[in-house]
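A.B. asks: I would like the entire structure built from these sequences, with the hints used as guidance.
Residue numbers (the working numbering), protein chains in the order written: chain G, 1 to 441; chain R, 1001 to 1253.
Honestly, the hints are just simulated from the structure, not real lab data. All of these numbers come straight from a predicted model, not from anything done at the bench. We put the beta carbon where it would ideally sit given N, CA and C, even for glycine. A portion of the hints provided could be inaccurate.
A few chain G residues that don't get close to chain R, going by computed Cβ distances all over 10 Å [claimed, not checked]:
1) Ile-5
2) Lys-29
3) Gln-31
4) Arg-49
5) Glu-55
6) Pro-117
7) Thr-131
8) Val-216
9) Lys-240
10) Glu-287
11) Asp-406
12) Ala-410
13) Leu-415
The list that follows gives simulated cross-link-like pairs (lysine-lysine, DSBU-like), each with its CA atoms no further than 35 Å apart [what the hints assert, rightly or not]:
14) R:Lys-1071 to G:Lys-6
15) G:Lys-329 to G:Lys-280
16) R:Lys-1105 to G:Lys-376
17) G:Lys-123 to R:Lys-1005
18) G:Lys-376 to R:Lys-1225
19) G:Lys-123 to R:Lys-1128
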Amino acid sequence: MSKNIKVNVEYLTRVEGHGNIVVNVADGKLQECRLDIVESPRFFEGMLRGRSIFEAQHITSRICGICACGHTLASIQAAEDALGFIPSEQTIKLRKFLLHMENLDSHILHIYLLVAPDLLGVKSFVPLIQTHNTVVRRALRMKKECNDVCDILVGRHVHPISAIVGGFTKLPREKDLLRMLDILVNLRADMKATLELAKTFKFPQFSRPTEYVSLVNDQGEYPMLSGDLGSTDGLRMPKKDYRKLTNEFVVSHSSAKHTKASRQSYAVGALARFNLNYDKLHPKAKEAAKALGMKPPVTNPYLNTVAQLIECVHSLEDSIEILQELKAKGVDYSQEVVVGLNELGTIPVKAGTGVGAVEVPRGILFHEYEIDNKGKIINANCIIPTGQNVNNIEQDMKELVPQILDKSQAEITLLMEMLVRAYDPCISCSAHFLNVKFVGW
Amino acid sequence: MRKPKVAFFDFSCCEGCQLQVANFGEALLDILGLIDVVMFREVMSEKSDNYDVAIVEGSITTSHDVERIKKIRATAKVLIAYGSCATIGGINGMKNNFDLEDIKKYVYQDGAKYFESISTHPLHQIVKVDYFVHGCPVYQPEFVKVLKCALAGLSYVVPDYAVCVECRFNENVCMYDKGITCLGPVTRAGCNSWCINNGNICYGCRGMVSNPAKNGQMDILEKYKIPLDWVQNKMNMYNKPRELDINEQKHKG
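C.D. replies: Rendered as structure tokens:
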């Protein structure tokens, strides 16, 4: 077969940030296949130098509006690790809850507004307002409800206010707990309807053996906020060794650095977590997985969206349980803390380095800071989930394109766009952090 | 009446302010009843070069950005700077605290040559801006107000008094009384003292009031024994590109 195909998608839509897809097939042979990351660099790591460690959360939250809570939690974890500060049990519980809400919120946005239009054959959710009004209303309602919970818990979802190094500046009152519980219990009906809708979705058939990476632990809990680093190829190491896992390298066509572990590339995200930690999902999430025909290992990247939906059920149910526990036990308000720039020395400061490794909606996120004995940041490093996935997306593309050469150029373009979207890339995140080397580390 | 065509654009930013639009929930459908969104890359694949109102998020940080924003300005009848990155440079402006070549090398080392970058500018330093929606992120009730004004052809005046005014109405305990530095006294109101209501301090994300009570602020620092450079350092988190405004004014004489 002789066929020439050129796909050049400039500024891929319905993803966060700026990326281009380039495919070049000549005489039926794949010549070139790339995901270019063209986001303008923002130099966050450079900008952090000289700032107080107590400002790191506020600044790094601004890396991404969608996963602001995830960056917040990874940043806090790294800072507290560097300072040698141990958060209270209550604080950890509330942080887990916050992470669940972010996961839920982000996954809902991705499933309904970014992926569903492709599956329903339209360009965006806007035409769906006419054709699928109840679906659009449900999506916006679910998104709003996650947001309302975040508003109560941390002031707002985009750049949370009250989650800081040391704990929370404001803790939910009893009426707040009841209100959040009420919202989440009511969300179950919409979640059920979402599962029914998802059963009707037809995803492209494609699969490629892949190394999946996520947090793992030896406890019964589905690890999101803490754990070791693990992979489906059998890697296991403590979080402080994350550089041995990510092995970053630079390619000229991307302002996001590429990574690899045991093989040419690896994947992070909901599907990776599902494949590594399926046993630890909430029973209701396992039920959902069964109903959707998902059983690990799943190696079709398009099904990351389905894994996200299964995680939505997990996050919702686990959040309800956390809230019920907090309600029964009562919140200890003496733990409310205002740190500011640590003017009052609320938190003892020492020189050191610390690592945060947190599972955010798109996969494992690393923050690392080195601070001096006054708490000033000397060095900073962040490795973003999408940065880790970009290389894997390209490997998928290279395997997929030869399999679909008989399709029209428009169909090929759509399948490629859908593939990239399935990873839910957060490009503005990934392009901010590249190629950071620390002398003497 | 024809619905005005509205397009969203993003430059260097986290896209969180655009997300605030999706966070309206079902009320978004009411807004969409009044306007015709022709472009919104984060959530739509539709594209159009024909629009009346441009809502622009992010700061200008490359020479490519400069050309692109000029084109948008030439097309749009109304241009709204949306969020701190667009209105004051915001967090991106922290880059201007460093030597440009030095910070590029720190982040990209040998790869620095691939990435062209200029000092961070808010939009109004490059093109004329008709409306400002400050905040990191934008405060939704204010955005709705501005949008109404823009669609009705009315002007919107950003409050030019300190966040403290709103903070007092909200009966918060003053951060300075807790021994913590806060930028409320020099920062523009309009956010309903969002952060302080939630127990945190003001970081100055809406920009400085045009005529800050300098002596009053110095008295506060004196009273609470707070070094001036702490406050200046905090101001530089969001407000660094302001220097470029001041320099320009000096230049114009």
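A.B. asks: All hints are to be evaluated individually against the structure, with a verdict given for each.
C.D. replies: Results of checking the hints against the structure:
1. No Cβ of chain R approaches the Cβ of Ile-5 (chain G) within 10 Å, the least distance being about 20 Å, so the stated non-interface status holds.
2. The Cβ of Lys-29 (chain G) lies farther than 10 Å from every Cβ of chain R, with a closest approach of about 28 Å, so its non-interface assignment holds.
3. A cut-off of 10 Å between C-beta atoms confirms that Gln-31 (chain G) is not in contact with chain R; the least separation is 22 Å.
4. For Arg-49 (chain G), the requirement that its beta carbon stay farther than 10 Å from each beta carbon of chain R is not met, with the minimum near 7 Å.
5. The beta carbon of Glu-55 (chain G) is not kept farther than 10 Å from every beta carbon of chain R, the shortest such distance being approximately 7 Å.
6. Annotated as non-interface, Pro-117 (chain G) brings its C-beta within 10 Å of a C-beta of chain R; the closest such distance is 7 Å.
7. Remark: the non-interface label on Thr-131 (chain G) is consistent with the geometry, its nearest Cβ contact in chain R lying 14 Å away (cut-off 10 Å).
8. Non-interface call for Val-216 (chain G) relative to chain R: holds, since the shortest CB-CB distance, roughly 30 Å, exceeds 10 Å.
9. Under the 10 Å C-beta cut-off, the non-interface status given to Lys-240 (chain G) relative to chain R holds; the minimum distance is some 22 Å.
10. Against the 10 Å criterion, Glu-287 (chain G) stays outside the reach of chain R, whose nearest CB is about 28 Å from its own CB.
11. Residue placement check: Asp-406 (chain G) keeps its beta carbon more than 10 Å from all beta carbons of chain R (closest about 24 Å).
12. Non-interface status of Ala-410 (chain G) relative to chain R is upheld: no Cβ of that chain comes within 10 Å, the nearest being about 13 Å off.
13. Listed as a non-interface residue, Leu-415 (chain G) keeps its Cβ farther than 10 Å from every Cβ of chain R; the least gap is roughly 15 Å.
14. Annotation: proposed proximity of Lys-1071 (chain R) to Lys-6 (chain G) holds, straight-line Cα distance about 28 Å (limit 35 Å).
15. The suggested pairing of Lys-329 (chain G) with Lys-280 (chain G) holds, with an alpha-carbon distance near 25 Å, which does not exceed 35 Å.
16. In summary, the hint linking Lys-1105 (chain R) to Lys-376 (chain G) is supported, as the alpha carbons are separated by about 21 Å, within the 35 Å threshold.
17. With a C-alpha separation of about 18 Å, the suggested pair Lys-123 (chain G) and Lys-1005 (chain R) falls inside the 35 Å cut-off, and the hint holds.
18. Under the criterion of a C-alpha separation no larger than 35 Å, the hint pairing Lys-376 (chain G) with Lys-1225 (chain R) is consistent with the structure, at around 21 Å.
19. Restraint check: the Cα-Cα separation between Lys-123 (chain G) and Lys-1128 (chain R) comes to about 32 Å, which is no more than 35 Å; the hinted pair holds.
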